[in-house]
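Participant: Line by line, the protein sequences give chains A and B.
So for the first sequence, the numbering used here puts the first residue at 1; every next one is plus one.
So for the second sequence, the numbering used here puts the first residue at 1; every next one is plus one.
Among the clues, some could well be false.
In silico DSS-like cross-links for lysine-lysine, where the CA-CA straight-line distance does not exceed 30 Å [said to hold, decoys possible]: (1) 265/B x 179/B; (2) 15/B x 21/A; (3) 16/B x 125/A; (4) 87/A x 16/B; (5) 15/B x 77/B; (6) 80/B x 21/A.
What follows is a set of in silico ranges between Cβ atoms, one per label pair, in the way DEER data are often shown [unchecked claim]: (7) 94/A x 191/B: 19 to 27 Å; (8) 168/B x 138/A: 34 to 42 Å; (9) 87/A x 257/B: 45 to 53 Å; (10) 257/B x 138/A: 16 to 24 Å; (11) 222/B x 94/A: 17 to 25 Å; (12) 158/B x 87/A: 38 to 46 Å; (13) 28/A x 68/B: 22 to 30 Å; (14) 94/A x 197/B: 42 to 50 Å; (15) 28/A x 268/B: 55 to 63 Å; (16) 115/A x 158/B: 24 to 32 Å.
Quick partial rundown of chain A residues pointing at chain B, CB under 8 Å, derived from the structure [what the hints assert, rightly or not]: (17) 13; (18) 35; (19) 119; (20) 121; (21) 136.
It should be emphasised that the hints constitute simulated quantities derived from the structure, not laboratory data.
Note that CB positions come from ideal geometry on N, CA and C, so glycine has one too.
Residue-level listing of the chains:
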Amino acid sequence: MLRNVNDAEDVVQEIFVDIWKNAERFDPSQSSETTFVAMIARRRIIDRIRYSARRISPDSIEDVLAEPASRGDQTLQTSIEANEAAKVLNELRPEQRQVLQLSIVHGLSHQEISDATGMPLGTVKTHARRGILQARELLGLGTIETTKEVSV
Amino acid sequence: MNENMQEVMLDLLCKKAEYGLSEHEEQQLSVLQSSAGTGDLSTSFELATATLAMADLDTSEEMPEHLRSRIVADAEKYFKANPTVPEPTTRGSIFGWLGWAVAAAACVALALNLYLTRPPTNVVNRPGTPTPTPEQKLTPSQMRQALILSAPDLARATLGAGEINALKPTGDIVWSDSKQAGYVRLSGLPRNDPSKETYQLWIVAENQDPKTPVDGGTFDISSDGEIIIPIDAKVKVQNPQVFAITIEKPGGVVVSKNKHAAVGKRET
Numbered sequence: 001m002l003r004n005v006n007d008a009e010d011v012v013q014e015i016f017v018d019i020w021k022n023a024e025r026f027d028p029s030q031s032s033e034t035t036f037v038a039m040i041a042r043r044r045i046i047d048r049i050r051y052s053a054r055r056i057s058p059d060s061i062e063d064v065l066a067e068p069a070s071r072g073d074q075t076l077q078t079s080i081e082a083n084e085a086a087k088v089l090n091e092l093r094p095e096q097r098q099v100l101q102l103s104i105v106h107g108l109s110h111q112e113i114s115d116a117t118g119m120p121l122g123t124v125k126t127h128a129r130r131g132i133l134q135a136r137e138l139l140g141l142g143t144i145e146t147t148k149e150v151s152v
Numbered sequence: 001m002n003e004n005m006q007e008v009m010l011d012l013l014c015k016k017a018e019y020g021l022s023e024h025e026e027q028q029l030s031v032l033q034s035s036a037g038t039g040d041l042s043t044s045f046e047l048a049t050a051t052l053a054m055a056d057l058d059t060s061e062e063m064p065e066h067l068r069s070r071i072v073a074d075a076e077k078y079f080k081a082n083p084t085v086p087e088p089t090t091r092g093s094i095f096g097w098l099g100w101a102v103a104a105a106a107c108v109a110l111a112l113n114l115y116l117t118r119p120p121t122n123v124v125n126r127p128g129t130p131t132p133t134p135e136q137k138l139t140p141s142q143m144r145q146a147l148i149l150s151a152p153d154l155a156r157a158t159l160g161a162g163e164i165n166a167l168k169p170t171g172d173i174v175w176s177d178s179k180q181a182g183y184v185r186l187s188g189l190p191r192n193d194p195s196k197e198t199y200q201l202w203i204v205a206e207n208q209d210p211k212t213p214v215d216g217g218t219f220d221i222s223s224d225g226e227i228i229i230p231i232d233a234k235v236k237v238q239n240p241q242v243f244a245i246t247i248e249k250p251g252g253v254v255v256s257k258n259k260h261a262a263v264g265k266r267e268t
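Let the hints inform the model, and build the full structure from the sequences given.
Facilitator: Right under this line is the structure:
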C-alpha cells in the first residue's frame, strides 16, 4: 500500500471528512462506532490505492508471509473490536484465515496470495469468499442462506 | 435470478469488501442487487472485512500534533459549512461522543498503521520536507530516518553473525556522536522470554577500555521480522568502532562474559 507519511496523513484527513459526511448512516444495530469508522477508513484507503494503482512490491510478500499469523496474543489488541476480530478469525478454517489476513490486513491481491502460498488462484478465491461469508455470519451481519434466499 | 447471476453477485460483494470495485463493476453489482431484490448488501460485507482488518490493529500510536491541528481545522470548516449535520449518535450524552472519539482514534491507527507498519519500514520524505522533531512522537523508524537525515557525523555499521553459530542476524546500526543517539535495525534473532533473558547492546568506543565497552541498553524481541531499537548508551560514546549484542539475564549486566549474538564493525 502507500508508504509515504505525507500520503498517510492526507488520507487520515480525508477519512475524518468521510466520517462526518456519513455519520447519519451509522446503524448501532449493525456494528459498533469503531467498526463503522474502520469501514469508512477502509473504503477511503481502497479508493486511494485503486486511484494510485500502487501495490506493495513483490519482494515484500515474503516479509508479510514471515509475520506471525496473528499478533492476537500481544498488547496490540486493545479494543473490544480487535478481540472480536481475532475471535472470528479463529473460527475460520486455517486456509481461509491465512487468505483473509493476507488480503484484508496486508493488502495482497488474490494472484499475489496464490504466488506466495502456492495455492491455485481458484482456491484462493474460494477461501476468501467462504471466509468472508462465514465472518459476516459469525458477526451477525447476515447469513449465507439469507443472502441466497433474498437473491433468488 | 439464476444461480450463475447469484454467484457473480456474491463474487462482486466479496471483491468490493476486499479490494473495491471499478465503476463498471459497481454498476453491475447494483443491477444484480436490484434484480435480486436484496437491497444493498455491500455494507454488511464491508463491515465484516473492516472487523477482520482490526485483528492486527496497533492502536498504541498517538496522532501527531500537527495532524490533529489540521483535522480540528477541517472540522471547524466542515461544521461551519454544514451546521445541520446531525450528531452521530442518538444517545444524547457525552458517552455517545466518547464512542466516536474512540472510533476516530482507531481510524487514525488503522490508516497510519496500514501505511507505516508495512514493509519496507523506511519513511520517504519529500525534498525540502523539514526534519521531524522528536516532539511529534515519531516511531523508532521515523526517528532513525530523522537522525540519518540530520546528523553530520553519522557512523554506520553492518550487523552480522557473532560467535553463536546457530544465530544468523542481519541489520545495521547508525550512531551520531554529536547527538549521542543511534538506532539498531535488526532481524534474524529469535524472540526472547523477558522473564529469563534479554538482549544487550555493547559499544566499543574510543573513550572506553575495549574490555569494558559501553552499555548500549537492553531490549527484548517479541515478534519476527525487522525491529528498530533506540540505543540507550549509559555513558558518553565517542568515535564508536564496534557494536555487539549479547544475551544476558533480565535487566542486563554491567560487564558481559557471554558470546556475541551479533556483531558489527564501523564502516563510515
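Participant: Between residue 15/B and residue 21/A, does the CA-CA distance stay at or below 30 Å?
Facilitator: The given pair, whose Cα atoms are some 24 Å apart, holds under the 30 Å limit.
Participant: Given the proposed pairing of residue 16/B with residue 125/A, does the C-alpha separation stay at or below 30 Å?
Facilitator: holds, 13 Å
Participant: Could you tell me whether the CB distance from residue 94/A to residue 197/B stays inside 42 to 50 Å?
Facilitator: violated, 31 Å
Participant: Can you tell me whether the CB distance of residue 94/A to residue 191/B sits inside 19 to 27 Å?
Facilitator: Hint holds: Cβ distance 22 Å, inside 19 to 27 Å.
Participant: With the threshold set at 30 Å, check whether the alpha-carbon distance from residue 80/B to residue 21/A stays at or below it.
Facilitator: Holds, at roughly 13 Å.
Participant: So does residue 222/B sit 17 to 25 Å from residue 94/A, Cβ to Cβ?
Facilitator: Hint holds: Cβ distance 23 Å, inside 17 to 25 Å.
Participant: Any CB of chain B closer than 8 Å to the CB of residue 119/A?
Facilitator: Violated: closest Cβ of chain B sits about 16 Å from residue 119/A, beyond 8 Å.
Participant: May I ask you to test the interface hint for residue 35/A with respect to chain B, counting a Cβ-Cβ separation under 8 Å as satisfied?
Facilitator: holds, 5 Å
Participant: Given the hinted pair residue 87/A and residue 16/B, is their Cα-Cα distance within 30 Å?
Facilitator: Given that 30 Å is the threshold and the Cα spacing comes to 23 Å, the pair holds.
Participant: Hint residue 13/A vs chain B: min CB-CB distance below 8 Å?
Facilitator: holds, 6 Å
Participant: Can you let me know if the beta-carbon spacing of residue 158/B and residue 87/A is within 38 to 46 Å?
Facilitator: Given about 43 Å between the Cβ atoms, the range holds.
Participant: Measuring from beta carbon to beta carbon, are residue 87/A and residue 257/B in 45 to 53 Å?
Facilitator: Given a distance of about 47 Å, which is inside 45 to 53 Å, the answer is holds.
Of the numbered hints given earlier, the model fails hints 5, 10, 14, 19, 20; all others are met.
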